[in-house]
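Just need the whole structure built from these sequences, with the hints factored in.
Quick note on numbering: the sequence shown equals residues 0 to 650 in numbering that gives the first Met the number 0.
Please note: incorrect hints may appear among the correct ones.
Said to hold, decoys possible - What follows is a list of derived Cβ distance ranges for each label pair:
1. Lys-443 with Phe-605: 54 to 60 Å
2. Arg-534 with Pro-65: 18 to 24 Å
3. Gly-23 with Thr-572: 23 to 29 Å
4. Ala-37 with Ser-116: 17 to 23 Å
As the list claims (entries may be wrong) - Here are the simulated DSBU-like cross-link-like pairs (lysine-lysine), alpha carbons at most 30 Å apart as the crow flies:
5. Lys-603 with Lys-557
6. Lys-633 with Lys-137
7. Lys-480 with Lys-633
8. Lys-633 with Lys-218
9. Lys-380 with Lys-443
10. Lys-36 with Lys-218
11. Lys-218 with Lys-321
The hints are simulated quantities; they were obtained by calculation from the structure and are not laboratory data. Please read all numbers here as calculations on a predicted model, not as lab measurements. Heads up, the beta-carbon is just placed ideally off N, CA and C, and yes, glycines get one too.
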Amino acid sequence: MVQGWVQAWSDDTDVYFETLRGRGAAAAKRAQAEFRKAFTTPLRAAPSADAGVMGDLPWGASVELPSGLSADAWTAARHEGDVGFVRSDHLVEIAYVGRPAAIEDPKRLAARLSLRSGESVDLLWGDLVQIIERRGDKARVRARGLFGEIALDRLTPDALLEVYFVDVGQGDGVLIRFPDGAHMMIDGGLSRSMQMTGKNAADFVDWKFFKDYGDWRIKLDWMIASHSDADHYGGLADLLDKDEAAREELDCLDVEVARFGHPGLSRFPATVHVDGLGPVASVQGRAAFTRLLDDRGDAQALVDGAGPGGLELSGSWKGLIKAVLNCGGQPTIERIGLAADAAAAGRLPVLDALGGCEIQVLAPTTLDNGGRPALPDLGEKSINTNGHSVCLRLDYGAARILMTGDLNTDSMNWLTQSYGGALDAWRCDVAKACHHGSDDVSLKFLEAINAAATVISSGDNEGYAHPRPEIVAASALSGRKLLSADGDRVVTPLIYMTEIERSVLLAEANRIEISAGQAPSAAFLGKAVADFSDREFMSEEDWSAFEAIGDPDSPAAKAVVRAARTREKARLTALEAQAAANGARAMVYGRRPTGVVGAVYPRKSFKRLRVMENNVYGLVNVRTDGDLILCASKRDNGERWTIHAFQAAST
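Dropping the structure here:
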C-alpha cells in the first residue's frame with residue numbers, strides 16, 4: 000500500500016513568502032510552523048467539496064493511498080480504517096531514494112534532484128522524498144526542504160535504517176530513524192551556549208523534523224542520555240527547554256518524547272559521595288554505587304527531594320530529568336542496563352523492536368545488591384560516569400551498528416569480566432568510537448568489536464586533542480579488512496571523524512544597520528563603499544522582494560537590484576565620509592567557548608570582519624537495508640556527498 004502524508008505545500012509556501020516580505024525570515028518560519036499546527040483538511044465521503052465529512056485530518060497525518068497520489072483534484076485515502084477522499088494538493092506520496100541494481104560505483108547510491116533554478120543537489124540512498132505531482136517519468140517532489148524534480152525510476156517505497164552521527168564538537172549526538180518512521184535520539188552534545196558553532200544535536204533534530212519532513216513539532220519514540228556528563232546531555236536539555244528565548248533557536252514549536260532512557264548512575268550533592276555519584280557500599284565483594292535512578296516515579300521523587308532520607312539529584316543533570324518529567328507526551332523513564340550474570344549467559348535484553356530493527360542492550364552491566372542493581376566503583380569520577388555508559392547494538396537484517404558511549408579501559412575490563420571473556424556480542428559493522436577517540440581504550444576490546452567503519456565524535460579547541468593518533472591507528476588495526484578486487488584499494492576499515500567532516504561558510508560583513516522603527520538610524524561599514532557589489536546594497540526589504548520574484552535573472556529582479564544600488568550607494572557614501580571625518584570606528588566584543596566549561600572574550604574591529612554565515616555539520620550518515628551499508632559525509636559545498644559502501648559481515 001502506498002503511504003502518504005497530509006501536507007499542503009502550496010499554502011505553506013504562500014504563508015512563508017507573505018510573512019517574509021513584511022517581517023523577515025525568522026518570522027516567516029514561525030508563521031509556517033503555526034500554520035502547520037492549525038491546519039486540517041477534511042476526509043470526505045466522495046470526491047467533491049459538497050460531500051459529507053468523515054473526519055478532519057491534521058497536518059502530517061499518515062494515510063494510505065490505495066491508488067497512489069491522483070493527478071485529479073481528489074485522491075482516495077484511508078485513515079484509521081475510514082476510506083474517503085482528500086484534496087490532492089493537501090497530500091504527498093511518500094517514497095525514498097532507491098538502490099540501483101548494480102552498485103559497483105558507490106556514487107550511484109546518490110540521485111540527482113534538479114531544482115527550479117537550474118542547479119541540482121544530490122540525495123542519498125534512503126532519503127525521504129515527498130511526491131507532489133507525477134510528470135511522465137519524473138516527479139515534482141520535496142526533499143531535504145527543497146522543491147525539485149527527480150526521476151521516478153530512482154524512487155522506491157522501501158525505507159532504510161538511518162543513523163546520523165552529528166558533529167557536536169566535544170560530545171556525542173546521534174539521531175536514528177527506523178524503517179517504520181520511529182526516531183531515537185542518543186545524546187546531544189554540550190548545551191548550545193557552550194558550543195563554538197552555537198549549534199548542537201538539538202538543532203540538527205529540529206532541522207530534520209521542520210525542514211526535511213516539514214513538520215511543526217519533534218516526535219521522538221526514544222530519547223537516551225548515555226551517561227550523566229554535560230557534553231552528552233546538554234543538547235537534550237536544549238531540545239526540551241520550554242523557555243521562550245530558548246525556543247526561538249528552534250523552528251519546531253514543540254517536542255514530544257515517548258520514552259526516556261538513562262544508565263542509572265546519576266549526580267547527587269557532594270555530601271552524599273565525594274564525587275557526587277551517590278551512596279557506595281560493598282556489593283559481592285567490591286565497592287559499588289547502590290542508589291541508581293530508576294523509573295518515572297523515582298525520578299520525580301529524586302527531583303523533589305522526596306526520596307528516602309531526602310535524597311535529591313543535583314546540578315544540570317537534575318535540570319535535565321526535571322525537563323523530561325515536564326516534557327509533552329509525559330514520557331516513561333527507564334533505567335537501561337543488564338545484570339552481569341545475564342551478560343555472562345548471553346541473555347541480552349531487547350530494549351525495543353522498531354521497523355524490524357532489534358535494539359539490544361549491551362551495557363552497563365550491574366551487580367545484584369539484594370535484588371536491586373548496583374554499579375561497580377571503577378575509580379575516578381570520570382572513569383565511573385563515562386565507563387557506565389548505555390551501550391546499544393542495532394540489529395537490522397545482517398547489519399549491526401554499535402553505540403558505545405564513553406567506555407574506557409577500566410569499564411572495558413569490567414565488561415569483559417561480566418561477559419565471561421566472550422565478547423562476540425560486541426562485534427559489529429559500524430561502531431561509534433568510545434569516548435571521542437580518547438587513548439584510554441583497550442585494544443583487545445576494539446579487536447572484539449572489529450568494526451568495518453568507526454565514527455569518532457571529536458571536537459576542536461577544547462583542550463582534549465581528540466582523537467588521539469594512537470587510537471585512530473588502533474581503530475584501523477582492529478577493524479575489518481576488506482580490499483578491492485585488485486587488492487590495491489582499501490574498502491574497509493573506514494575511520495570517520497566528525498570534526499574533520501565539518502566545514503563552515505565564512506561571510507564578509509559589509510555593514511551593520513541599526514533601526515528604530517522602519518528607517519535605519521545608524522550604520523557601521525565593514526569595508527569601503529567602492530568595494531560593494533551591486534547586491535550588497537540591498538536592504539532586508541529589498542531581499543524579501545527579490546526572493547519573492549523567484550527568478551534572479553528576470554527584469555523584475557534586476558530592477559530591485561538597480562533601485563537598491565541607486566538609493567543606498569549615495570546614503571552609504573555620505574555615511575562613509577562622515578565617519579572618516581569624525582574618526583568613527585566600530586569594535587565587536589564577543590565570547591568564545593573554550594574547553595568544556597571555559598570561555599575567552601575576543602575584541603575585534605568590525606573592519607573586514609568575517610562571520611560564520613553557515614555551518615555544514617560534520618555529519619556522518621550511515622544507512623542500511625540490512626545487507627548493504629552506506630557511509631556518507633557532506634563535501635564542503637554542502638550539496639554533494641563522499642560515499643562508501645560495503646556488505647554487512649553476516650551477508
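Hints, one by one, checked against the model:
The hint said 54 to 60 Å for the Cβ distance between Lys-443 and Phe-605, and at roughly 55 Å that hint holds. A C-beta distance of roughly 49 Å is found between Arg-534 and Pro-65, which places it outside the suggested range of 18 to 24 Å. Checked against the hint of 23 to 29 Å, the C-beta distance between Gly-23 and Thr-572 comes to roughly 26 Å, which is consistent with it. A beta carbon spacing of about 31 Å between Ala-37 and Ser-116 contradicts the range 17 to 23 Å that was offered as a hint.
In summary, the hint linking Lys-603 to Lys-557 is not supported, as the alpha carbons are separated by about 35 Å, beyond the 30 Å threshold. As the CA atoms of Lys-633 and Lys-137 are separated by approximately 26 Å, the hinted pair is consistent with the 30 Å bound. Of the supplied pair hints, the one linking Lys-480 and Lys-633 holds, its CA atoms being roughly 24 Å apart against a limit of 30 Å. Only pairs whose Cα atoms come within 30 Å are accepted, and Lys-633 paired with Lys-218 is accepted, the gap being roughly 26 Å.
In summary, the hint linking Lys-380 to Lys-443 is supported, as the alpha carbons are separated by about 24 Å, within the 30 Å threshold. A C-alpha spacing of about 14 Å is found between Lys-36 and Lys-218, which places the hinted pair at or below 30 Å, so the restraint holds. Distance restraint check for Lys-218 and Lys-321: the Cα-Cα separation of roughly 19 Å lies within the 30 Å cut-off, and the hinted pair is therefore satisfied.
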